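Colleague: Below, each chain spelled out in residue letters.
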Amino acid sequence: MKKIIVLIMTLLLCLGIAVGCKAEEETVGKTEMSDAGMLADFESTGELLSMNFRDTVAKVELSDRADTVTHGSRSGKVTLHGVYDYEKKNYQDSRFYIVTGGKYCTKTSYLDVSSIAVDVYNDSGRDLLFSLCLNNPQASTSMFQFDAVTLRQGMNHVQWEFNRALISYNIDLQRVDFFTFIVEGREADEQPAVLYFDNFRVGTTQEDFTRPQKKPDDQVLTDFSQEADFNYYSYFGAVSSLLRQPIFTKNTDIRYLLTGNASLKIEFFENRDGTGPDSVGFRTRDRDYDWNGFDQEKTYLSYDLYNATDHELTVCMTVYSQLNETLAVNCTIPAQSWAAGGNTMLLSAINDRFVGEGLDIFSVTFQLIGLRAGDVVYLDNLVLKEAK
Amino acid sequence: MEKAEFAVKSVVNTVKIMRSDDISGYADASVSVQTAKGETEGAQLIVNATADVNGYEVRVSDLKKGEDIIPASNVTVYVQKYVNVQMGYTQFPSGYYPDALFPIDVVKDHAEDKFAAGDNQGFWLDFAAPSDAEAGVYTGTVTVTMNGTSVEVPVTWEVFDFVFPQATDFKTVYLIWKQWLVDGELDNTVEKYRDYYEFMLDYHVVPYTFPVEAGDVDGFIVELRRYYDRVPCYGIPYITEEPYSIDFDLLEDYLAAIIEAGREDGKNYIDKAYYYFDKIYDEVSEERYPYMRAAIDSTNDREENVVRRFSLTGEEAEAVRGLKHMVPVVNGWQDEFAKYDELIIIPLYNNFVTTANIEMYESLAAEGQEIHSYGAASYWPYGSNLIDDYMITTRDVFWSKYSYGLKGDLYWNVNGYCNFGASLGSGYLQLNDLYNTASHDGVTAGDGYLLYPGASYGSEQPFPSLRLTARRDGIEDYTYFEMLGQEYARLSQEYGVTLDEHTVLDFLNRQIFGTGVSKLNFDGLGEVRREVARLIEAAQSIGLAIEDISLEGSTLRISVLCKSGTALSADGAQVTPSGAAGNGERYIIEKQITGGTVSLIASQGDRSSSVSLLVGKPEETVCAYDAAEDLDTVTVSEVNGSRKEWNEDSRFARSGGSVKAELTGKIFDTDALTRSFTPYISMECGSLQGVDQLSFWVYNPDDALEVSIYAENPQMGQQLVLDRLQLAAESWTEVTIDNLNIVTTDQSLLSRFTVVGLRTDNLIDEGAPFSRTLYVDALVKIAK
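Note that the protein sequences, when read in sequence, are chains A and B.
Residue 346 in our numbering sits at position 346 of the first sequence, with consecutive numbering throughout.
Residue 613 in our numbering sits at position 613 of the second sequence, with consecutive numbering throughout.
Quick caveat, the hints were computed from the structure, so don't treat them as lab data.
Accuracy of the hints is not assured; some may be wrong.
Using C-beta positions, here's what the derived DEER-type ranges look like [unchecked claim]:
hint, chain 1, residue 1, chain 2, residue 2, range
1, B, A294, A, K385, 49 to 59 Å
2, B, E283, A, E325, 28 to 38 Å
3, B, P243, A, Q213, 35 to 45 Å
4, B, G55, A, D189, 26 to 36 Å
5, A, D189, B, A256, 22 to 32 Å
6, B, G55, A, L111, 44 to 54 Å
7, B, Y340, A, D290, 48 to 58 Å
8, A, K103, B, Q461, 20 to 30 Å
If you want the footprint, here are the derived chain B segments under chain A, 3+ residues with CB under 8 Å [as the list claims (entries may be wrong)]:
hint, stretch
9, 208-215
10, 416-430
As the structure is a computational prediction, the values presented were derived from the model and not from experiment.
Cβ atoms here follow ideal geometry from the backbone N, Cα and C, with glycine treated the same way.
Could you build the full structure based on these sequences and the hints that come with them?
Modeller: Next comes the structure, spelled out in structure tokens:
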């Protein structure tokens, strides 16, 4: 019965219906599906040469090992040695790229995509974190990174839902330039990762898609009433690994929202060194916003943040200008509490600090002092409020 | 398979034959190659068939000399692969140029042994002489088979009677970009880097770093022990810390490890080490001088730490303190560099093209400043790195390097296997077809790579290019010159007379290169090379050395040193010793020459050695300026105040008379005109067609003066500057024009150039014009 269910799910996948899917431990067998959504099938040396492995240290070859092949007759065996980080005494995460619009990965428009998937056989002797990014994972805009998944030893059928509304906020889906595959780096005493990739593909949908326009509301930057709001934040500060950066997800648990029916859950993970959280907070992504036209003497930039940890956190909100000028305000939030007081900044104070005419805020950052690995906070409402 | 009628032609290994070239004028094939023991030299055969060829084979027999055999396995047969070049960067014609060399078995295994009717198919044969081979002439055959029809080509292989060193002294720094190996090889691990490292050593070019990750000091020492005896130099790796600094703690760890290993092994490992912090001072410019200064100061501090730590004294300590930094520069020597003792300056090829510059670098070298050279996308008339260019200039540039005292060469990337002219956020783009894409940068054909990846053809090794092969051969030629120098140093000790190999080499090399440019002597390079080999043999076997050689008019004068009791003949005529020269004997030969060679045979008992010196044509007087009417053949900038007159004062004439020119500066209405005005002396010289060299003498009675030398087409008013040099103060300077190839390589166009001359910058001092007097005399030429 279980096998029938699995087969049915696989068939649904073939029909392009999104199915949430985490990495599986059992080998499912070859996928029979239309090649229309095929992005990379790892079938020829020419295809491997069209991929870019220059940012890591690797050996790449074709394999006909049966238990690694899920489509066609070959898979791509990638032995990832990684680039040694001399200072940290470990190996950096490995990245390689598949560029679109070429001889092999021809698809450049992803307007019709509902899911994206790849089969990965992990022959490394250990579990590995793995993620996929559209475009450059180190760019704050024009990129989208899927949540990291754990590749168990053996075959993993990895699939992510392709939320067009969410993704389209940062990326022009008619023009995805390349995919970035990210595999966590090894420790100094670990062996190179050995992964077999096959059947990198998308599932498609017939449903039309029009990029949702954020409804204009001069005074609301994000209140998470719109899909676009969930793509408005990124991690802040250096991260030890793109696979351990904070994850931003939609929260509908009413305990953690103040207005509307959603807020942003931000979860922090331990860094590679095991010495604390990876990242110090979060920040707004670059976006055009007109900060002028308000009565600056009466208008405050304000945020609502819930500290869902068991310890106190101090939030340092800092606004940055294009010229890197800053103004900061601190707010201490007790455990299991909303920020109350100190979570606002008067626009006129910002204007006084910044040089030049007009208010030109480039980014707003939220540094969480006292943050620990595993901590979770909820952000609701980054808005401009007028004092009464 | 259709039976193919085909022609097999021999072409010297200094010429590239394009796929569509007409080869009918080349000689029917016979392979003739000369090597030292332990040396590799190439030869080529070009095939053209009347029908499509769908299968071919080229096989070499064993090479035999009596009972001595060099097995066929010592000859590697490559297929020349053609790539379409349409760039126009070098202004050579578009078309299919040969570059990649594929082993013939690889080609056949992949069923690519085919070519179209009427197209050329080139084969390159590398002859590798064993280091223990007997000297002499070996013979054999090459069997060329097209569509089942075979032709036998005779092979003659002369092995010179000296051994080529396992490791040359010529210091190369050729960069393998390890990360980029993956673009062609699907592998950028240390193991693949090692494949490339070993491959390049066979071509006498040394990659910057050993095959080991930067930061792995223990691994570095393992590689140092493995390769030390095979390389003339090696780079100490570094890790960048900030944009323009490095991890100096790690650097000190490397130095300490090298010293420790040296003590354990009883070897002075540090003596071949160098630094190349390319992230700090590659192509250094004024903005980076402070960072370079800081890096050198910090390096010096760490060296002192190591000296103290190991209590080094004397030579050991000086070896550490004497470590140098390799600094490539675009605009040549700068005053800034004189502040340092720690630099090896590496200018681009185009900094060695005028007498003034060459003499400057020779002077710096004589003062102990080590100079190398480096080529990026250089092309004719400079030493070439590109596909659509001459092959000979990739090789004979190493001849000029020896003459100018350059000790090494740097090339920035041998494996640019991506499209580094275009990028996305993922980095440079991939190339669709590495074997049929000439340009990897979107501009030039060939810059950034000298190798081709082997992975697509199942080869662990990369494939070489003709350009890499020409470099190998050029470095081997350079090593011949060094070997002659070593022999002359030994004989200097033995005879107690100073011998300088440059004297005879510069004379012979007049056939090969002029000031800053190759003479494109495609057939002659092999002949001169053979002469140098004979000189080495003669020096080793019988102690013969050329002390001096010169040509004046049609009189050739050679001074030869030999051991006492040597019988010496010149062109069959016995030469009597003119007297003792230290512990040897000196023989003076004076001959009237009409061209060709002078053959010397030296005998001692039953041993003998012979040398045939290519002496070229005699000098012909164009104008001696001994008569007043000769003044009519000279013009000066008279309209703007300069004057000329015939001179009889013997102090200022080589013989008879000379032309006295008083050059005067002038201030014009505009600054632009004033700056552009150059007082000049022009001399009619007749057509330059067929001329190899012109020279004239200039007496400068005043302070040193820098002048430009030009050739002129008076009908078109076209002047081309050929050189810039300094006229020494209060003395005669012989001005030699030997680089007419810079004007044009087309002899019919060259016939329109009938005037040569010199000009100065405008003679203005503190806002006032002044005059300078010069005397010109003795305009002579030498025909090709």
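Colleague: For every hint, state whether the structure bears it out.
Modeller: For each hint, the structure was consulted:
1. B:A294 <-> A:K385: 49 to 59 Å: holds, 52 Å
2. B:E283 <-> A:E325: 28 to 38 Å: holds, 36 Å
3. B:P243 <-> A:Q213: 35 to 45 Å: holds, 42 Å
4. B:G55 <-> A:D189: 26 to 36 Å: violated, 54 Å
5. A:D189 <-> B:A256: 22 to 32 Å: This hint holds: roughly 25 Å between Cβ atoms.
6. B:G55 <-> A:L111: 44 to 54 Å: holds, 51 Å
7. B:Y340 <-> A:D290: 48 to 58 Å: holds, 56 Å
8. A:K103 <-> B:Q461: 20 to 30 Å: Holds, at about 27 Å.
9. 208-215: holds (count 3)
10. 416-430: It holds: at least three residues are needed, and the stretch 416-430 of chain B offers 8 whose Cβ sits within less than 8 Å of chain A.
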